[in-house]
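S.K.: These are the residues of each chain, in order.
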Amino acid sequence: GENVEQHPSTLSVQEGDSAVIKCTYSDSASNYFPWYKQELGKRPQLIIDIRSNVGEKKDQRIAVTLNKTAKHFSLHITETQPEDSAVYFCAANLREYGNKLVFGAGTILRVKS
Amino acid sequence: DTAVSQTPKYLVTQMGNDKSIKCEQNLGHDTMYWYKQDSKKFLKIMFSYNNKELIINETVPNRFSPKSPDKAHLNLHINSLELGDSAVYFCASSLRGDYGYTFGSGTRLTVV
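Residue numbers (this note's numbering), protein chains in the order written: chain A, 441 to 553; chain B, 3 to 114.
The shape of chain A in the complex, shown without the other chains (with noise of 0.2 Å):
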């Protein structure tokens, strides 16, 4: 299957508290997960990834944690901050199509301050 699954949609945080983002994806052959951060009439920008051989990852307040049996991983932001307001893509490569990435649908999350 070419599927990834995100959830949720929107996310509405107090700012210092923490977002979870959450993705699975159904090719159990994928090694690449990335997550990409898209503010308002800009380009997706990479922010983390994290490959197969790895549990989980972590760079300053942002973590991604990887579950290949469950084939599911998620984004944590520690101390939200209202510049991480913006959209967040999962993505996970499908090495049978082309090494293609496929993207989930995206989460707005919005922190108020």
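Treat the hints as calculated values from the structure; they're not laboratory data.
One or more of the hints may lead you astray.
Said to hold, decoys possible - One-sided excerpt, in silico: chain A residues whose CB lies under 8 Å from chain B: (1) S466; (2) A469; (3) N471; (4) R483; (5) V527; (6) G538; (7) K540; (8) F543; (9) A545.
Nothing here was measured: the structure is a model prediction, and the numbers come from that model.
Virtual Cβ for every residue (Gly too), placed ideally from N, Cα, C.
Starting from the known structure of chain A, arrange chain B on it as the hints suggest.
M.R.: For chain B alone, kept in the frame of chain A given last:
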């Protein structure tokens, strides 16, 4: 220096016209892509080229024709534009499919 640059940034045109979008990357990447982002923000791959060779060709109307004169350039030509073609088109590049993509700034196409 912009890593992935696309032109034009905005394109407004009438139904039935033919238009082109150009993309260039200076990252030395081997693979380039065209993605379409619709009004609901969904990012859908259209084409992928590796070293000038077409490797991914999704179910896209044949009015859309990509061309890669060299591995640093990937252009998109669209014939007989339709209202439903209105979207933001993003070019991207990467070392290969399982490495991070760098996106261009996008071309907002509006067909009237």
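S.K.: Evaluate each hint against the coordinates.
M.R.: Going through the hints against the structure:
Hint status for A:S466: violated, given a least beta-carbon distance of 16 Å to chain B, over 8 Å. Interface hint status for A:A469: violated, as the beta-carbon distance to the closest one in chain B is roughly 11 Å, over 8 Å. Interface hint status for A:N471: upheld, as the beta-carbon distance to the closest one in chain B is roughly 6 Å, under 8 Å. Because the beta carbon of A:R483 sits about 4 Å from the nearest beta carbon in chain B, less than 8 Å, this interface hint is met.
The interface hint given for A:V527 holds, since its Cβ lies 6 Å from the closest Cβ of chain B, which is under the 8 Å cut-off. A distance limit of 8 Å between C-beta atoms decides the matter here; for A:G538 the minimum to chain B is near 4 Å, and the interface restraint holds. With 8 Å as the threshold, the beta carbon of A:K540 comes within range of chain B, its nearest partner Cβ sitting at about 5 Å, so the hint holds. Below 8 Å, beta-carbon pairs count as interface contacts, and A:F543 has one with chain B at about 4 Å; its hint therefore holds.
Interface hint at A:A545: satisfied, since its Cβ lies 6 Å from the closest Cβ of chain B, which is below the 8 Å cut-off.
Figure legend: structure checked against the earlier numbered hints; hints not met, in rising order: 1 and 2.
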